[in-house]
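A.B. asks: Chain residues, written in single-letter form:
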Amino acid sequence: MEILVALVLLVFVAWFVTGPLRSARGQGGEGEDPHLADLEARKEAKYREIRDAELDREQGKLSEADWRAADAELRREAIEILRQIDEAGG
Amino acid sequence: MPTLGAACLVCAFLCAIYASGAALAGRNGDRRWVDSARRSVFAMAALLTVSVVSLEVAFLRDDFSVALVADHSSTTTPTGYKLTAMWSSQAGSLLLWAWVLSLAASGVLLATRGRLRELVPWATAVLGGIAAFFTGLMLFGVISPGADSFPFERLSPAPVEGVGLTPLLRHPAMAIHPPMLYSGYALFSIPFAFAIGALVTRRLDASWIRATRRFALIAWVFLSIGILLGSAWSYSELGWGGYWGWDPVENASLMPWLVGTAFLHSVMVQEKRGMLRTWNVSLIVGVYALCLLGTFLVRSGVLESIHAFGVSKVGGPLLALIAVVVIGSAALIVSRLDDLRGSRRIESLVSREAVFLVNNLLLIGLCAVIFWGTFFPLISEALTGTERSVGPPFFNRVVTPLAILLVLFTGIGPLLAWRRVSAGRLWRLVGPPAGVALGVTAVLAVTTDAASEPAALLLFCFAAFALAAIAGEFIRGAGAQRALGGGSWTRSLATVFARNRRRYGGYIVHAGIGILFIAVAASSSFQTSSDVRLRPGQSATVGDYEVTYREPTASIDSAEQKLTFGAVLEVARDDELVTTLAPARNYYSSAATEGVRGFFEGEATSEVGRRSRAGGDIWAAMRPDLRPLDSQIDAADQRVERRADQIVRRAEQVAGTTPPPEMRAAVVSQLEGAKVKRLGSAYIDDPPPVDFRVNVNPLVIWIWLGGAISVAGGLIAIWPAPAARRRRVADVHAARLARDLGRA
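Those sequence lines, one after another, are chains A and B.
Letter by letter, the first sequence follows residues 0 to 89 in numbering that gives the first Met the number 0.
Letter by letter, the second sequence follows residues 0 to 743 in numbering that gives the first Met the number 0.
Here chain A stands alone, though its shape is the one from the complex (with noise of 0.2 Å):
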């Protein structure tokens, strides 16, 4: 009995992981533009490292000046990332 059970999971298996080889699916494939998915994680963190950055002067860590300059490098990062979403049809 355990044998044969075994040999069902076998075909299920199979059958289960040749399913894309089978289906009509081309490369390419559908799903998530991979490169629109990176640049929106970049996205994120850029966003993260703004956000950090506040926190640090908010804490007196960095002056007025140095976060100014910081912070406007950080956003100057984050436009050139928000362009290359736009290019990318994001």
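Read the hints as simulated data drawn from the structure, not as lab findings.
Ideal placement from N, C-alpha and C gives every residue a C-beta, glycine not left out.
Hints should not be assumed to be uniformly reliable.
[As the list claims (entries may be wrong)] Distance windows between CB atoms, simulated:
1) A/Glu1 / B/Ala673: 41 to 47 Å
2) A/Arg21 / B/Ala157: 40 to 46 Å
3) B/Gly485 / A/Ser62: 21 to 27 Å
4) B/Leu82 / A/Glu76: 49 to 55 Å
5) A/Asp32 / B/Ala711: 34 to 40 Å
6) B/Leu425 / A/Asp32: 42 to 48 Å
We have chain A; now place chain B onto it with these hints.
C.D. replies: Positioned in the frame of chain A, the structure of chain B alone reads:
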């Protein structure tokens, strides 16, 4: 069920190989092969789950036809320990490794579905390869039974009773410790595999880190819990009074934890600043190699250890895998050095990234000295032909200075900003915690004998600095939030905490580590320990305490086949009773030696008598001198044999046939039970002298509490911020940036 489990293990091995091959087939963009490879990993996880369940069912059913069950369980083993007995064996722990790996691999492939399309095929191939190794190692035991690695090896005929679980492992901490450690090891496979994918595809930005950061943190949490549980078990069960003995197997889990800690800090620098890319790929390769090395040390028996599971044949293949991982990864890293080299440099030494680099060096340094001390016996034997070991004095001497510096930097790091701290701000940040540290040090030096141990006092000073610095971070954060949004201090603290879980979760980890180090320094430098031999009514002085052996105790647990000799100890200070302790020694019936004697020639475990308070523990373990009972034990066994013979002869006369062997065994068992009871009474009536070890361990409970705080901090750092809040924050910044774009 065992046959089904074995069949699923074979199928899982095939799935692992297929996953690796299919992923490689899809590396140039054919999504169908990549999707098929992912499904194969899912299938492997499902199949290994069936294997694990079928083995557990065999344990629960006392199916002694399965060798694993017969060797590590019995009908008298409590149900909870039956479920955990699987990983007390080599084969079972390999199955656990493979199972956790398959679940983690499934998780990360689900999380990265449709993303990182260049990286994922290579990562899948690596994960499939590792899974194929571990499942293959188990199946290797089929063709080489001496390897002791096949979980479903059968016995024919099946024994009527199992050997039972090693008494030392019948402890809650030891039940959970192995799966925690192996989960940590297996989960570090995830960032390792993605790092290899990043190296192969030259996608060496932070994308592989972002995809696997949580898995690395979860691995670190599991490893931390495993190490803490192992220490707690050692303190409670081994009867020597310590929680860390620099045992090779202990070191084997600490080394990947140290390098893993370095990795978790270092990847933050790459995420924020794009730096330390070579460091990070090297660190994760180091972590993973050390995880495999840890498994090798435990499983190969190459080094003597209280944890040693004996010499086994899996050591060779594990060593080969380590070599492939190290050499292959090193070759990849060297070939990608130009791509790894970043353009950014550390702008200021007074910056968080500079401190993290120092942190890396300290943690790697700690790992290196521990590695040297652990493997010195092998190295000396290889070079000189003589195996020479190093013990705790070596480790304590070399580790202490590095640990002290590490504690200091757990306080400095949180104080600094990324890139740089503005000129003139540093003293305002460092001054208050430095003042607290100096104040605490002065108070300790004046009011306690802390100054008699300069290293400990220095650590207390730096730990006070770290804790004050972290407290200051929380206060400053809440103050800043209150200035922005109003509200009470409590609400402001909750708000800034919730919005910055990674940061403040990390601070809590640091606080826990600081507390843990304080407790380690106090309990090891200021411990009072005495070994005394007492008879009932006698007393001894241990530090400030008077310890009196009041009376002996004895008990029998038929279900666990256990005889316990104990003692009641009264602990007094200044003639006032402080506490009563009840240490005991458990003796388990042995399969190797028959009779009542078998209880005393098998395994014995200590039950520690302990009173835990915030200020410290009073701890006692005992070992009765059983030599006065020797003659009684021998006489008991002889009487049992004679009486059993009489009973069997009478039965033969009555029945007219020779009774079956099982009948004599049952008679002997009953007679032995009665003799053991009488032995217990004899121990009470005429107790032999007992050797006690009594320790006064200051602050030791804070080791476990500090560790628990660190783990809690890690879990907070793992917990994702609510998506809605992330979107709101993103929208705010997007709106502001859009306005800036409009003005630019």
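A.B. asks: The structure should be examined with respect to each hint, and the outcome stated for every one.
C.D. replies: Hint-by-hint comparison with the structure:
1. The hinted window of 41 to 47 Å between glutamate 1 of chain A and alanine 673 of chain B holds, with their beta carbons roughly 44 Å apart.
2. At roughly 44 Å, the beta carbons of arginine 21 of chain A and alanine 157 of chain B sit within the given window of 40 to 46 Å.
3. For glycine 485 of chain B and serine 62 of chain A, the hinted distance range of 21 to 27 Å is satisfied, since their beta carbons lie about 25 Å from each other.
4. For leucine 82 of chain B paired with glutamate 76 of chain A, a C-beta distance near 52 Å keeps the hint of 49 to 55 Å intact.
5. Taking 34 to 40 Å as the suggested C-beta distance range, the pair aspartate 32 of chain A and alanine 711 of chain B conforms, at roughly 38 Å.
6. The hint said 42 to 48 Å for the Cβ distance between leucine 425 of chain B and aspartate 32 of chain A, and at roughly 45 Å that hint holds.
The structure fails none of the hints (numbered hints given earlier).
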